[in-house]
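Undergrad: The sequence shown begins at 1 in the UniProt record's numbering and counts up by one.
FYI, nobody ran anything at the bench for these hints, they're computed from the structure.
In this text, a Cβ means the ideal position worked out from N, Cα and C, and glycines have one as well.
It is possible that some hints are incorrect.
Derived Cβ-Cβ restraints for the label pairs, each shown as a range [said to hold, decoys possible]: (1) A24 to W251: 34 to 44 Å; (2) T218 to H272: 19 to 29 Å; (3) E113 to A195: 38 to 48 Å; (4) A77 to N314: 48 to 58 Å; (5) L135 to Q281: 18 to 28 Å; (6) L28 to M196: 49 to 59 Å; (7) E226 to T73: 27 to 37 Å; (8) T73 to R243: 48 to 58 Å; (9) A199 to L28: 52 to 62 Å; (10) T51 to R244: 28 to 38 Å; (11) A303 to P109: 30 to 40 Å.
Below 20 Å or equal to it, Euclidean Cα-Cα: the simulated SDA-like pairs (lysine to any residue) are [said to hold, decoys possible]: (12) K141 to E226; (13) K85 to V114; (14) K85 to P111; (15) K141 to K85; (16) K29 to P111; (17) K141 to G164; (18) K141 to P25.
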Amino acid sequence: MNSLALWYRRFGEPASVLQPELTAPGALKPGELRVRMHYSPVNASDLIPITGAYRHRTPLPAVAGYEGVGEVTEAPAAFAHLLGKRVLPLRGQGTWQQHVNCPAEYAIPVPDEVHSHLAARAYINPLAARMMLNLYPPQGKRVLLTAAGSDCAILLGQWARSAGAEEVYGIHRSPVHGERLAAMGITPIDQGNTAMVTAVAARADVVYDATGGSLAETLLGVMPEEGVFVCYGLLSGQTFRQRRALPRVEWFHIRNYLDALSVEAWQAAFRHIWPMLCASQYSDVTVYPLTQWQAALQCYRQAGRVSKPLLDMNL
């Protein structure tokens, strides 16, 4: 049994360094499942490590991809009940391949009512959004989102409203996102409307920022001192300087919290996420066969994109 996988053996631009390779899946270690993958999305968190941004903790060679959904084809006796079932094969091998080996205890069973297109995207953004809202609660507060058309931000906005946020605003760059955000109960703000951006930031209690760069500096320059600025990404590719002692800046990296989660807490987090995710508006998907991975990367890079590129492993 051979498996097609997208490997990178050096760091660089993903479109240049990713290489499809057909190899036999590695032998299962004790306590591992083997999963035949169905779908895996393209996220910023998948692409950034390929560039070498985290080379100190990214051993090469590596298979790309961090999340996805598939069907269990082999399992140890204690997890035989998962055979033939859909799971998220997390915290194991890269997911941009047809077969993935993963620790059985960390595999997340997928409820029957959840479509595979949604299940494939249930880890990185939903778990990050839930963790941030738990760490920096929005109840009774005015919330401001950057990169508001992104998958993580639209969940943050909807779930902040459900958690009792007084107001939720979303800064976006492409006009196509404005109507979508409004339909979710998130007040859209065009990033080019500097006056409105600064006016809302001057009243914001919590900012969840995914962009960094000059926008982050602008927001920090006018936010109330008692506010909290939560940075969880640098989509601009630029960091930022804080020129005032306050407001407080918090850096959120999901990886910093995973090792502290027990298996029980890990599984419980997803039992909580499934109904929230199913009740939320989420981006549509555009499906590409794994063999068309380059087109999927091009789709991801498109300005104003409103759908998530999804790799289909069912060749």
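Undergrad: Decide, hint by hint, whether the structure agrees.
TA: Evaluated hints:
no.	hint	in the structure
1	A24 to W251: 34 to 44 Å	41 Å, holds
2	T218 to H272: 19 to 29 Å	35 Å, violated
3	E113 to A195: 38 to 48 Å	45 Å, holds
4	A77 to N314: 48 to 58 Å	28 Å, violated
5	L135 to Q281: 18 to 28 Å	24 Å, holds
6	L28 to M196: 49 to 59 Å	55 Å, holds
7	E226 to T73: 27 to 37 Å	53 Å, violated
8	T73 to R243: 48 to 58 Å	55 Å, holds
9	A199 to L28: 52 to 62 Å	57 Å, holds
10	T51 to R244: 28 to 38 Å	31 Å, holds
11	A303 to P109: 30 to 40 Å	37 Å, holds
12	K141 to E226	12 Å, holds
13	K85 to V114	13 Å, holds
14	K85 to P111	9 Å, holds
15	K141 to K85	41 Å, violated
16	K29 to P111	26 Å, violated
17	K141 to G164	8 Å, holds
18	K141 to P25	49 Å, violated
Checked against the numbered hints given earlier, this structure breaks hints 2, 4, 7, 15, 16, 18; the rest are met.
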